[in-house]
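> If you read the protein sequences in the order shown, they are chains A and B. For what it's worth, my numbering labels the leading residue of the first sequence as 1, then goes sequentially. For what it's worth, my numbering labels the leading residue of the second sequence as 1, then goes sequentially.
Be aware that one or more of the hints could be misleading.
Since the list can't tell identical chains apart, any single copy or any two copies may satisfy a pair.
[Stated by the list, open to error] Calculated lysine-lysine pairs in the DSSO-like style (CA-CA distance at most 30 angstroms, straight line):
no., residue 1, residue 2
1, LYS120, LYS244
2, LYS260, LYS297
3, LYS299, LYS260
4, LYS219, LYS120
5, LYS121, LYS244
6, LYS121, LYS299
7, LYS297, LYS244
8, LYS244, LYS182
9, LYS121, LYS182
10, LYS299, LYS120
11, LYS260, LYS138
12, LYS297, LYS121
13, LYS121, LYS260
Hints listed in this document are in silico derivations from the structure and should not be mistaken for laboratory results.
Number of protein chains: 2
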Amino acid sequence: MGKNKDEKKAKGGKRGAGSAGDLTPADAFRSPSPPVALSAISTERGPIGPADKEEAAEALLDLGVELDDLQSRLFAQGTAGDRRRVLVILQGMDTSGKDGVINHVMGLMSPAGLSLAAFKKPTAEELAHDFLWRIEKKLPEAGLIGVFNRSQYEDVLVVRVHNLVPSEVWSARYEAINAFEKALVDDGVTVVKCFLHISPEAQAERLTARLDDPERVWKYNPGDVDERGFWAEYQTAYAALLEKCSTDVAPWYIIPSDRKWYRNWAIGALLAQTLRELDPQYPPPSFDLEAERVRLKEKLLL
Amino acid sequence: MGKNKDEKKAKGGKRGAGSAGDLTPADAFRSPSPPVALSAISTERGPIGPADKEEAAEALLDLGVELDDLQSRLFAQGTAGDRRRVLVILQGMDTSGKDGVINHVMGLMSPAGLSLAAFKKPTAEELAHDFLWRIEKKLPEAGLIGVFNRSQYEDVLVVRVHNLVPSEVWSARYEAINAFEKALVDDGVTVVKCFLHISPEAQAERLTARLDDPERVWKYNPGDVDERGFWAEYQTAYAALLEKCSTDVAPWYIIPSDRKWYRNWAIGALLAQTLRELDPQYPPPSFDLEAERVRLKEKLLL
Numbered sequence: 001m002g003k004n005k006d007e008k009k010a011k012g013g014k015r016g017a018g019s020a021g022d023l024t025p026a027d028a029f030r031s032p033s034p035p036v037a038l039s040a041i042s043t044e045r046g047p048i049g050p051a052d053k054e055e056a057a058e059a060l061l062d063l064g065v066e067l068d069d070l071q072s073r074l075f076a077q078g079t080a081g082d083r084r085r086v087l088v089i090l091q092g093m094d095t096s097g098k099d100g101v102i103n104h105v106m107g108l109m110s111p112a113g114l115s116l117a118a119f120k121k122p123t124a125e126e127l128a129h130d131f132l133w134r135i136e137k138k139l140p141e142a143g144l145i146g147v148f149n150r151s152q153y154e155d156v157l158v159v160r161v162h163n164l165v166p167s168e169v170w171s172a173r174y175e176a177i178n179a180f181e182k183a184l185v186d187d188g189v190t191v192v193k194c195f196l197h198i199s200p201e202a203q204a205e206r207l208t209a210r211l212d213d214p215e216r217v218w219k220y221n222p223g224d225v226d227e228r229g230f231w232a233e234y235q236t237a238y239a240a241l242l243e244k245c246s247t248d249v250a251p252w253y254i255i256p257s258d259r260k261w262y263r264n265w266a267i268g269a270l271l272a273q274t275l276r277e278l279d280p281q282y283p284p285p286s287f288d289l290e291a292e293r294v295r296l297k298e299k300l301l302l
Numbered sequence: 001m002g003k004n005k006d007e008k009k010a011k012g013g014k015r016g017a018g019s020a021g022d023l024t025p026a027d028a029f030r031s032p033s034p035p036v037a038l039s040a041i042s043t044e045r046g047p048i049g050p051a052d053k054e055e056a057a058e059a060l061l062d063l064g065v066e067l068d069d070l071q072s073r074l075f076a077q078g079t080a081g082d083r084r085r086v087l088v089i090l091q092g093m094d095t096s097g098k099d100g101v102i103n104h105v106m107g108l109m110s111p112a113g114l115s116l117a118a119f120k121k122p123t124a125e126e127l128a129h130d131f132l133w134r135i136e137k138k139l140p141e142a143g144l145i146g147v148f149n150r151s152q153y154e155d156v157l158v159v160r161v162h163n164l165v166p167s168e169v170w171s172a173r174y175e176a177i178n179a180f181e182k183a184l185v186d187d188g189v190t191v192v193k194c195f196l197h198i199s200p201e202a203q204a205e206r207l208t209a210r211l212d213d214p215e216r217v218w219k220y221n222p223g224d225v226d227e228r229g230f231w232a233e234y235q236t237a238y239a240a241l242l243e244k245c246s247t248d249v250a251p252w253y254i255i256p257s258d259r260k261w262y263r264n265w266a267i268g269a270l271l272a273q274t275l276r277e278l279d280p281q282y283p284p285p286s287f288d289l290e291a292e293r294v295r296l297k298e299k300l301l302l
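Next up, chain A with everything else stripped away, as it sits in the complex (with noise of 0.2 angstroms):
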């Protein structure tokens, strides 16, 4: 399988990837060196990918066969002593699409490979420990694709535009997050930030779609109106801990959100890539296997 994989490697996905020549999606999408202005970052689209919704809805299906694929091969290899993982976080303002990404996209999956975990405001308990606590605790094991929805950088996200702690605590935080994240790194976790990039006009078709179904109308929270009020200063905090914390390590990628269609191809094909690019492998037996199919035919006898 090697060749082939490092074709489509480099072509960054086997579809709709050619417009930009040899761009992988991790150079697609990965956050520019400081400083970062979000508004001239595009929320359609980036340098490559597919061309409309039924060529991602195409290219998804693909992925998700390879997807699937690499899955079970890092889930094999863990069982096997490996320690990689990986950790998939996921942010972005309301509306962004942080629940899609995890039911279309990882979705594709098997959910036995996957390790979940979403982060709300926290509980007393978290509270009375220091930000990072609640984190470790849900961190993937070995062989696992960790997913959070939101993580250690709300606390430098709500709690900065809502000034909950005193300044000093919160811009200590990006440091103690990057030392943090080194630390997953060694230990054999490949950490993917995606941070879902949506103008306030798609956020405002989607409260107001979320409005109008019943359907979905449970999701809406009259709070995310509220929190709307505050875009400019949100945007500032992600501009913030994009520059802070995108290091050589643990990369932060802008995925274009506008278009649902093209922000699931998106972290499909980054996920893809990272999957690849770890090259994970079904293990070796840890038993002789010639005496061990000698053996099992006696026993099966019985």
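Could you slot chain B onto chain A? The hints should help.
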């Protein structure tokens, strides 16, 4: 949807259920009254279900669409304070297909609405507590579908077969489990206990196939062959738990599992019936919809 759903329920699913009149999957697979003679129960098929692999694949695809919708409703109502949740327990001999059910049936739903736990050999910490301690910690929250790959029943299976504790200890556990499950049911958990029933011949085939496939040999554990030597003892232990722990509030189902396609269909159909009967509903807004429409319009203008 109510009418339509009742019709489907009565037929035990849309497809392939005609052969035994109006038997539902729950009727068709429910463990019989004691004594349970496992050797007299088919490992190939029950009284209802698809006739072949192709029909099963089509039926499972349909079930997947329905399961995904029902799971989404269950999740939604869970966010609005409804405590109901589901716990699927998968038990069976090695190679009976517990992992396969998770991949191919549970994988039809969104990972966000699932809560998976696999119970392996207990750790030293787990052994230092009562046998239900580790189980409690993995129970699904409101709105979720929990799936246990092995469960509290290991403590009356491997523990009984290998005399890991005195017989007066394991023999007291049936009643403890019934009381535990009764409390769960009283708290809003629907417990769906599936025994994946395979023949020794099917196991022999699967063990041999694993040895011969480089992509699956990692799943082969020489210890499984040793355990196979206790086949009769395990069947006795399974019969005992089916007799003692198939209660009205938390019945056991015996799933013929020699054919993977039949097994997957049966569990998918049983879970769909369970969810249909729960009849989960998207919750109405918890706020004044009209007032919020006006407020949103104003806010979006900013």
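> Now, for every hint given, state plainly whether the structure supports it.
Evaluated hints:
1. LYS120 to LYS244: Answer is within: at 23 angstroms inside a copy they meet the 30 angstroms cutoff, but 41 angstroms across does not.
2. LYS260 to LYS297: between (53 angstroms within a copy, 23 angstroms between copies)
3. LYS299 to LYS260: Classified as between; 24 angstroms across copies, 54 angstroms inside a copy.
4. LYS219 to LYS120: within (14 angstroms within a copy, 37 angstroms between copies)
5. LYS121 to LYS244: within (24 angstroms within a copy, 43 angstroms between copies)
6. LYS121 to LYS299: between (56 angstroms within a copy, 24 angstroms between copies)
7. LYS297 to LYS244: neither (60 angstroms within a copy, 36 angstroms between copies)
8. LYS244 to LYS182: Within one copy, since 14 angstroms is at most 30 angstroms while 52 angstroms is not.
9. LYS121 to LYS182: within (25 angstroms within a copy, 32 angstroms between copies)
10. LYS299 to LYS120: between (53 angstroms within a copy, 24 angstroms between copies)
11. LYS260 to LYS138: within (27 angstroms within a copy, 33 angstroms between copies)
12. LYS297 to LYS121: The answer is between: 27 angstroms across copies meets 30 angstroms, while 57 angstroms in one copy does not.
13. LYS121 to LYS260: within (26 angstroms within a copy, 43 angstroms between copies)
When each numbered hint is compared with the structure, a violation occurs for hint 7 only.
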